[in-house]
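**Q** Same order as they appear, the protein sequences are chains W and X. Per our numbering, residue 996 is the first one in the first sequence, and the count goes up by one each step. Per our numbering, residue -15 is the first one in the second sequence, and the count goes up by one each step.
If you're looking for bench data, these hints aren't it; they were derived computationally from the structure. All the pointers check out, no bait thrown in.
If the Cβ cut is set under 10 Å, some of the chain W residues that face chain X in the computed set are:
| hint | residue |
| --- | --- |
| 1 | V1023 |
| 2 | M1027 |
| 3 | V1044 |
| 4 | H1058 |
| 5 | N1062 |
| 6 | R1103 |
| 7 | L1107 |
| 8 | G1108 |
Among the chain X residues that face chain W by a calculated CB cut under 10 Å, a handful are:
| hint | residue |
| --- | --- |
| 9 | E300 |
| 10 | A301 |
| 11 | L303 |
| 12 | F304 |
| 13 | L305 |
| 14 | G322 |
| 15 | A323 |
| 16 | D325 |
| 17 | R337 |
| 18 | A341 |
| 19 | Q370 |
| 20 | L371 |
| 21 | A373 |
| 22 | A374 |
| 23 | A375 |
We treat Cβ as the ideally placed atom computed from N, Cα and C, and that holds for glycine.
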Amino acid sequence: MQVMVAMSGGVDSSVAAALMIEAGHEVVGVTMKLWGGPSDKGCCSVSDVLDARRAADLIGVDHHVFNFGEDFERDVIAPYVADHAAGRTPNPCIECNRSIKFARLLERADALGFDAVVTGHHARLVRAADGTRRIARAVDMAKDQSYVLHMLPAADLERVEFPIGTLEKTEVRQMAADLGMRVANKPDSQDVCFIASTTSRDEFLGKRTALTPASVVDADGTEVGRVEAVEMITIGQRKGLGLAGGSPARYVNDVDVEGQRVTIGTRADLLTDAVTLDKMVWIGDALGEGLVAQTSAHGRVRPATVVGDQVIWQSPQQRVAPGQTVVLYDGDVVVGGGIAVRSAS
Amino acid sequence: MGTTRESGEAYLDWAASTPMRAEAVEAMVAAAHAGFGNPTGAHHAARVARRIVDDARDQVADALGAAPSEVIFCGSGTEADNLAIFGARRPGDHVACSAVEHHGVLHPVEHLDGTVIGVDAQGQLNLEQLAAICDDQLAVVSVMAANNETGVIQPLEPIRAVLDEHAPQALLHTDAVQAFPWLDVATHAAAADLITISGHKFGGPKGVGALVVRSGATLTPQVLGGGQEFEMRSGTHNVAGIAALGVAVAAMAAERHAVVGRVAALRDRLVRGVRAIVPDVIESAIDPVGGQQAFARPITKVAGSAHLCFPGIESEALLFLLERAGIYASAASSCASGAQDPSHVLAAMGYPRELAAGSLRLSLGYGSTDGDVDRALAVIPDAVLQLRAAAA
Chain W
996 MQVMVAMSGG
1006 VDSSVAAALM
1016 IEAGHEVVGV
1026 TMKLWGGPSD
1036 KGCCSVSDVL
1046 DARRAADLIG
1056 VDHHVFNFGE
1066 DFERDVIAPY
1076 VADHAAGRTP
1086 NPCIECNRSI
1096 KFARLLERAD
1106 ALGFDAVVTG
1116 HHARLVRAAD
1126 GTRRIARAVD
1136 MAKDQSYVLH
1146 MLPAADLERV
1156 EFPIGTLEKT
1166 EVRQMAADLG
1176 MRVANKPDSQ
1186 DVCFIASTTS
1196 RDEFLGKRTA
1206 LTPASVVDAD
1216 GTEVGRVEAV
1226 EMITIGQRKG
1236 LGLAGGSPAR
1246 YVNDVDVEGQ
1256 RVTIGTRADL
1266 LTDAVTLDKM
1276 VWIGDALGEG
1286 LVAQTSAHGR
1296 VRPATVVGDQ
1306 VIWQSPQQRV
1316 APGQTVVLYD
1326 GDVVVGGGIA
1336 VRSAS
Chain X
-15 MGTTRESGEA
-5 YLDWAASTPM
5 RAEAVEAMVA
15 AAHAGFGNPT
25 GAHHAARVAR
35 RIVDDARDQV
45 ADALGAAPSE
55 VIFCGSGTEA
65 DNLAIFGARR
75 PGDHVACSAV
85 EHHGVLHPVE
95 HLDGTVIGVD
105 AQGQLNLEQL
115 AAICDDQLAV
125 VSVMAANNET
135 GVIQPLEPIR
145 AVLDEHAPQA
155 LLHTDAVQAF
165 PWLDVATHAA
175 AADLITISGH
185 KFGGPKGVGA
195 LVVRSGATLT
205 PQVLGGGQEF
215 EMRSGTHNVA
225 GIAALGVAVA
235 AMAAERHAVV
245 GRVAALRDRL
255 VRGVRAIVPD
265 VIESAIDPVG
275 GQQAFARPIT
285 KVAGSAHLCF
295 PGIESEALLF
305 LLERAGIYAS
315 AASSCASGAQ
325 DPSHVLAAMG
335 YPRELAAGSL
345 RLSLGYGSTD
355 GDVDRALAVI
365 PDAVLQLRAA
375 AA
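So that you can see chain X by itself, here it is in the shape it has in the complex:
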């Protein structure tokens, strides 16, 4: 960074990425040294590397409620998503996903001219629409476990039930990249055939993801070569990255219960604090917008997510001020240039364009502190008021 933030910093972008856990870094360095051999080889050096990969595979399998042979290591969550969609589809089949998916799912589905199924104002999948597109040619439906922008949790059993009734052959994929730090994915995604996670969202490294492929589900490989990952994904294993992923997965699963309770309290204090000074703030999927009635059902969000919309504010300007004051957050997803793109998630939930343009995603993680919330509350409401004053 070019300038120093004298009055402190608060990292509130854990949904984008997280600092690596110390034990994951240690495992990564140790594996880089000891596990230099090619895991597919037949000698001692290879066996050492193979053991590291398979230990991590056990850790991932345990945390996701899968068998070790059902875990496919990939180069990222996005690669795992792509494998799930492209790999599940056979010629003549069709694919579908929800309208609020991460681009790692949405773009493959659009590329295959698949169906994008709508959601309601709380981000929940329209099950009638799903039923309507079900036939015996439906290969895969992808619905994320927890949304990367809003933090909204999507129960998967009702989706499974629709598929069982109308398209029993269809695979259910869930992108659990955002869910894993907060939910017991083994339970939450028990109904899914394919599950994606990504290492860097919970203290693991970037560039490592995993796809659970339940036995019985077969995928066409998308990266061809040596067939290292059960013939479903080729490429020499990223041994050090996989080692660190395994350690991070195990650590997250072990401490999840305590983290969720602690961080939910921080998140609630953060939202209350902002609302006290900016009373017209909208918390997405919780506060009705645009003349909607109060929601009949309360929605569940992951504990770390505070997704807010400030009427009359431009996210980009707000993020700029926050960054200058040492608060690191984001709005919707960023494009390749680093510019903020308008949120397709809020659009799908029926948010008016102007309101969506004022969104702010504050995301907390296992390392978030009271100090982070204090710092955020010292900066964010003032920044909103400054921008409103400038616009007036």
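In isolation and in its complexed conformation, chain W is listed as follows:
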């Protein structure tokens, strides 16, 4: 196959490119320039492009840089800001995978005559009973990224490869070291790539949307604190609520941006029987019984049943922040998912 490997400059995608060559494919490395603003980490800095280029040099493949900065601004940053402005808690990595790393790059790869796009994601591809592909958990559960890939359409899965998904991270690093790659010990990327550690999320959002002060109230509506920016508050949060010290732990239970009101309660108040999903997708047929659901990138899974757009927990679970993605698995295999919507508290 002729494959385009998305090389971020990290160890996983560098080894992914090497593995594709080893498997006999014709490989071209591509780094996507997504973010032109200040960032000292993540996938977009000039030093990361250098790392990717040098890994490509080392394994003897051509390396290109694609500037998808405008797409990233439109498809990832703008929705991220809009979600926060509406009081939701978005996961921009999922949107980036959906619209940039796969949709946009696949489209580009298609136009240029490539057979597949390869990334260094920790996830596996397996065949379902009907012969089509599904995403499954990585061998290295601690690094598993199936959660942020859950929404890839089945048709696209036929044109992607995740060669790292069958390896432990320690094996990946060992391979990189054996190949003489400088990135063998490069730290894993973390957090949101477009927010530098020298600026805060508040500062980033504050430049792009109005931040609204709000009152913090308890279950009976009594104001017990104030916050500067209701847009920054998320379900389950217990710090930064301006509460008097010494009181028992209280958690954010509901965020009402329009009403400029944050409702807090006990841990028990946070528990709920179900979560309603928006933008729900099933990779194959819709399923109901015997699933497990994951509600954050590295969260634990909980048994659940799906009825319509409702995920009904086997036992009460902590409320899911609106905007968070809920991914449904049948065992290790991703079967679908959706975005949590606000539920009445």
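Since the structure of chain W is provided, determine the placement of chain X on it from the hints.
**A** What follows is chain X alone, placed relative to chain W:
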């Protein structure tokens, strides 16, 4: 390069850089051996090096219509541009440049909160805007002689005339980096006080540039130290690089007339050939865009420049296909990562964003051949059609 191009290669990115001339390489190697001494020293080894630098200075001065003492060697065209802008400005003064300048000028001017003057759809400076910002605090105006993306030539006399009338103290700087291979800069830039050239655009080495500073114009040095270049630029001379620059300058000036005629014919055949298969191609500053009337005045471009826009195409994808087929070209300027940035030049000329996104800069040089054009015509139209088919 990781892969070999079996069916041949064509280098069509001479505006980005050029192969060094054999005589420049020879001069560079000879100077590296013989001219190892520090040119500012007082012994024989130093004098040998000094002589090499001063011979090159004569060559540059002759080609640019300047006196040898007006030639300041710098580490690049960008450094020369920076010296012209930052060096001309005094506290309280202001600076200006055209909106289509190379970043080597544009970024210093923006850094100083200077004025960026608009251009028309053919890339020509808006003289009314220039007149409007003229006052006795205007230190320098920078307008490039030929544009690095579009190849459009900008006459400098009308700009000089506006300055003479409204801001006679202002210096006129011209970045002639792209112009030098094609125009007699001594004549074309006679009206300028400050002129930048860069060695690697005409067969000289990278890392050497020069700034002409006419006597009477004084600049504040930006690199301080030993004051080697007439107290306007410090740092031990790059003797080998300067030697090669001098030789390349002389060679280019000597053969320019013949090169311009030959390459213009190649360029015209290239553009005609592309247009024959992709009739909706836009040649920038020549074909009107976005409902514009046909241009009243024909524009002059440097002979080596074929700057095209393909509606419905993404430059990055096109360049990728061309590279795979051995055609080396570019679009707008590249950023530090190597990614193509949207063209500020086409934006300033009023090009719609989608059209500018499909730009392709094919630039020829003194070594371009019929074979290069044949190869380009065998690849480029097909690549455009392939991408259009994929998008359909």
